[in-house]
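Asks: Based on the hints, put chain B in the right spot on chain A.
Taken in order, these protein sequences are the chains called A and B. My numbering puts the first residue of the first sequence at 1, with every later residue one more than the last. My numbering puts the first residue of the second sequence at 1001, with every later residue one more than the last.
Simulated from the structure, these hints should not be mistaken for lab results. Just so it is clear, CB atoms sit at the ideal spot from N, CA and C, and this is done for glycine as well. It cannot be assumed that every hint is accurate.
Unchecked claim - Among the chain A residues that face chain B by a calculated CB cut under 7 angstroms, a handful are:
| # | residue |
| --- | --- |
| 1 | Ala-28 |
| 2 | Pro-31 |
| 3 | Ser-60 |
| 4 | Arg-64 |
| 5 | Arg-68 |
| 6 | Phe-92 |
| 7 | Leu-97 |
| 8 | Gly-98 |
| 9 | Asp-101 |
| 10 | Ala-102 |
To be verified - Derived coverage of chain B by chain A (criterion: at least 3 residues anywhere in the stretch with Cβ under 8 angstroms from a Cβ of chain A; other residues may be distant):
| # | segment |
| --- | --- |
| 11 | 1631-1640 |
| 12 | 1651-1662 |
Chain by chain, the residues:
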Amino acid sequence: MTDEEFRLDVVVRDGRQWVVVHGELDLATAPLLDEAFADRLSDTGPPVVVDLERCTFMDSSGVRAIVRFGSRAAREGRPVAIVAAPGSPSRFTLDLLGVGDAIPLHDSAERLLADGDRADSA
Amino acid sequence: MADIDVDALLAVCADEPIHVPEAVQPFGAVLLVDDDGVVRVRSDDPAGLLGESAPLGAPLAGALGSALGARRLRDGSVLEVMGPDGCPLDVVAHTTGAGLLLEVEEAGPERLPADELITRQRPLWEARTLEQLLEAVVVEVRALLGFDRVMAYRFDAEWNGEVVAESLAPGLRPYRGLRYPASDIPAQARALYRRNRARLIADVAYRPSVLVHEDPGRTAPLDLSDVGLRSVSPVHLRYLANMGVAASMSLSLLVDGELWGLVACHHESGPRRPDPSRRRAAAAVAELASSLIVSVTEAEGLTDRVLATGRVTVLRAALESSDDPLLGLAGAPDLLDLVGAVGAVVSLDGRVARVGDAPAAAAARIDVAELLAARPSSAADPRPAASDALTRPHQHLVGVLATSLGAPDSWIVWYRPELVQEIRWAGDPRSDEVEESADGRLRLGPRRSFATFVESVRGRCRPWRTAERWAAGELGDQLGAALARRTRQRLHAAQVVQRALLLDGVVAAAGFDVAVRYLPAHGDPLGGDWHDVFTMPDGSAAVVVGDTVGHGLEVAGIMAQLRNALRAYLVASGDPAESLVRVDALVGQLLPGELATVVACVVDPASGRYRLATAGHLPPVLVGTVGASLLEAPRAPVLGLSVERNGVSLEGVLDEGEALLLFSDGLVERRDRDLPSALDALRRALVADPAGASPEVADAAVLCDRALAAGTRSDDDDVTVLALRRPRTGRD
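Chain B with its partners taken away, still in its complex shape:
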């Protein structure tokens, strides 16, 4: 069997023209009657149902003929007439292009009582879950038809079937949980099952009744698609026989016009032909089940959605109510419960948190990029993407579900472990036998053994359900909206605070050339930097640059308080170091736990005498005509440390034409460069005169721009640069 292409043979099997077999099963008879009432085609009639009433080439006679003459039959009409030997006959009519096609069989003593169908359908109406519904179907169908075994059989996405409910006679081996490979019901059989929803094989060992045409040149082979008596594929009969089945009936379960499953009835103790009225009732039960599958599934889905919506609301609240949205979200237990995951990685604007059992952030980032990029639409699309089996799993974590949060580098990815699954096949699905058919072509024969074959499937997780994917997408939508709102709020607040703290008033001090530059951090319009420039009551200029630890709205109020307090103490004492001692005490009392660095300087415009103090802040640069140097004030710790501090300012003289440059650490702080060398580069850039022509110190605005150009700033901190130049008397 090694050199035989089984898939090609499966395709041959799928090509078998099972709808035009030119034969029917012998428990009934088929007639084609043309518009003049003349019989043009009829089957053999081994049961003798027709007697002499239907000779080829002549009008129908007897009770059948009278019934036809009396009524205008429509497609699907059912009538009962008395047969030639006194037995009642059940007749089903089909209209075709060539005339009326009649199926005739004996109506037995097992006629269905008039009210029984309603009784049999009631349990289906009462079912609340899919499981209950299918259980009711198999029980009621078995009660109607009397088969030994009735199974509800559900197809998966690859058309493999699984027995999901079963009712059976005592002593039979249950098939519940067994799977049947897709090749057991080839594509053209499935197409027929969609069209013809109830099929009986009363005896798998039957001899087909051949159709006889009065004039084969005049009538084409009959399309028996809609005919219940249609003879079936010999492969299918042997398949049933190999399984130990003597009679079978199958009823289609259709959802949205597609085959969802089957109700499969097997009789193992011998042939069985339930009365046609009972078969029609069973078909009606299956039809009701089909429509109830939709509503029950929807109801179950609705319950899932209500539950998920509640969890999404909790998670959104966790994000919105937390100072740190990332930690708020990562700390919420619903994050994993929402989709039934064991771990997750969350990224908000590139900041990452891991929750539970999840791979490292770098690995998760790759998973997300691959999953979300695999989709046709944009990366901001909140529709989730999922895989049950990662090609590169993280040890036991093989399943992944990812959703974007609609903002750059903002996403959630959930993980599920491998679920080693045992699939119980009804026989080894690849063991079908190859055989030669009458026309010499190879084709696939049914497998002979249906002994349970257990296949172990590895490397997959429990599949992500539709409801879980929906929940992930909903969470992406909701959190995306919350994040966007938060960003808008922060932007608006930032504008207000910046106007108040940074841009209000004129940046000027009498007798000096002053300039300030502020650059916000990337993606964060409100950093911790602040500055102040004003003229003191005695005519001195005061300049201040401060940096509050933290950023965003939470520090805006702190910045405002520090700035105003320092201004008041400078005005009151006139001395920077003493003012910082007082501000520090204030921070300890009113803002415990907050830290701020400050550099403050007071300069007399007439003499150039200055007093300078810092608190944990980088020293300013004194820019002279011959060089620039760092002004190392007595070292004092950052404000808020609650330690003793020395209240002595550095004193000196700023000569005419010299300048002071104050700045925040954002100007020189970068991860890949050490601070001393960055400060050195800054110092040299400030004296360098690109033209080499003027020995004069540049204007304050030019100094600021040169500092920004020379700075090693990165985008992740805000930057303030403040220059104060003392003009030459009579020149500037």
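Okay, chain A solo, but in the shape it has when bound:
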């Protein structure tokens, strides 16, 4: 099955908390992402980035977990961003569902940092 490959890492780097998703994000694994998000909301750490570059599959339950987290964080005034490579399975789903309209979507971690720095200096 798919659960062996699934893993979540939370890394604090470059002034952000990166929630890095490995493997397949689906009905079985999305609850674990929900838990990781709940932990992020309960502390007052730096801005959260959901990094999907290593996510090999994402279905709508994964999207829902991310969207719910994004809207809760937005209500608390805490910025959230997503990183997903163009052409990747998760990016296709995110684009189809129009998630980028609600949560800033970046092509890579480097692009996010570059865009973020420009926004900071602006």
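Replies: Chain B only, in chain A's frame:
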């Protein structure tokens, strides 16, 4: 000693015919008296107990003879008679096929007072735990017999014994906690201990009194199994002597007819012969202890079960009350406490959660498969399986206990770490010496040193107790029942909802050929898909396919609300994009956090003009006579995202003979294939005419079936396909 097979010698030791030694210990005498009262066999009588009263080949004389004549003795009868020199004698009778067998010894001044046995038994009745009971036994037996050391000795499954309670004279080295290997008490000795429950060796240095037969051709060697005076194996005597024991007595502790343990009494300061009345009282104490072991153990087991039952109830509630049974169960602290584990892996229908210190799910799955498959019965059998020492451990996790939950791929496996155990043997158990006996055969001599030998046992966990296995099985039963009930409830609810959402009404729209196919996901009759087909007030056909994120009962209500809201807005506005803007607002207000994708289309049957809008949904396919293409409506996000959306529909014309195919992503979404190529394959399958004969677009029902055949669907999502074909005027 390298080329000597110790196990074979142990077997020789086990063959020694210790029940027919043809000799007795010299502190008493044995007589066989036939039915005519004539003495046919008697032992030497070095103590002179019998005097001239029992000559071979003549009737018993003296007080003994009179006593025998006066009473009809039964097996086990005890009587006291006056001996030839004025000393009282204690006589025990045994009935045998050859006549009456009498054991005679001196009744000393240490006769047991009449009420003392009751006093000695009382502390046993008061014991509440096994530990207290065995403590009481050794104290009371020592008080009765006056030995230097009295030990309670318990056998394990391999018949190694461990000293679990001890009472001893001041200054002696305690043996509590020491173990004795199984070979110390060979199988035939254990058989004898079951039969003959109290045995005294008054002086390990005794010279055996040989049995003398009046006519060896007439009387067979005597079976002394039941005789307390029986002479014992010289190996056993040397064993005791090597241990520094001068006199010993052992009392059997039997549970369910099997030897559970022994009360072993040692006297180190010299020979000792407690009065026969006291030995019988000690035997009675041991017998009471035997029966109390059962009840005390049962009472302890009952306490364990009551505790476990409470925890099982809590865990079942955690599963039943949680939206996600897997997380509910995995998050309950009682899951590990129930069986005293450090970690666990839970699988419900193949979804896996790890708790505490446990190996990866894949490794746990292998453990479970091996453990549960090793049992004779089926995999659905909730009886747990356990191992204290895995052949392939996960680092320090060596112990494993698994139970099935009665459903496919549903189980719990618990883990325990290695417990490095120090076993303190009374002497190195493999150091027994080999010696040659009188008949030239090799046999095993007892070891000479009993200095404590510490053996370190690795790779095993603390053993899984019976109560813990029981608890695991009970949990398997209870959770299995809860899961089955949940499945039944969901199936029933699913049928109701499907009837309401998917199958109600006629799938028809005036002026069009319409067909719908719905396939549930494997093992989940209620997915998130829904659809709608109806005729609008102006005569237009409306077709809708939606997909709500999530599945099961929790989304059924959401599906119903979305479907009805969209129908109402379509009727009111006539425009799909505008209707979706309104439904989105409704979701934001009434169903925050829910997401749904939708494709909706309104088609005029007279002109073929259509308006189409999507929200996060895959585009429909327009199937024409020359090809099929994806109808990319202006992209709009999924419903529930609470973002600004553009309310513009895609407009176009569906020519006569053309068809639209709406579908949910279950049709094309698969983990090992990318979506664009799957959509392309679908598009080509819809135009392909297998016969190559007709240029016409197939019927709606055929289009649905071709779509399902071409789709790359996997079993883990539900699938909806809806086809709407505009017939050619005057032809269809």
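Asks: The structure should be examined with respect to each hint, and the outcome stated for every one.
Replies: Taking the hints in turn, this is what the structure says about them:
Checking Ala-28 of chain A against chain B: minimum C-beta separation of about 5 angstroms stays under 7 angstroms; hint holds. Taking 7 angstroms as the C-beta cut-off, the interface hint given for Pro-31 of chain A holds, the closest approach to chain B being about 6 angstroms. For the restraint placing Ser-60 of chain A at the interface with chain B, the shortest Cβ-Cβ distance is roughly 4 angstroms, inside the 7 angstroms limit, so the hint holds. About 5 angstroms separates the beta-carbon of Arg-64 of chain A from the nearest beta-carbon of chain B, less than 7 angstroms, and the hint is met.
Nearest Cβ of chain B to the Cβ of Arg-68 of chain A: about 5 angstroms, under the 7 angstroms cut. The hint holds. Satisfaction of the interface hint for Phe-92 of chain A is found here, the shortest Cβ-Cβ separation to chain B being roughly 6 angstroms, below the 7 angstroms cut-off. Among the interface hints, the one on Leu-97 of chain A holds; its C-beta lies about 4 angstroms from the nearest C-beta in chain B, closer than the 7 angstroms criterion. The beta carbon of Gly-98 of chain A comes within 3 angstroms of a beta carbon in chain B, closer than 7 angstroms, and the hint placing it at the interface holds.
Checking Asp-101 of chain A against chain B by beta carbon gives a least distance of about 4 angstroms; that is within 7 angstroms, so the hint holds. For the restraint placing Ala-102 of chain A at the interface with chain B, the shortest Cβ-Cβ distance is roughly 5 angstroms, inside the 7 angstroms limit, so the hint holds. Note: the segment 1631-1640 of chain B has 5 residues with beta-carbon separation from chain A under 8 angstroms; the three-residue rule is met and the coverage holds. Counting residues of the segment 1651-1662 of chain B whose beta carbon lies closer than 8 angstroms to any beta carbon of chain A gives 0, which falls below the threshold of three, so the coverage claim is violated.
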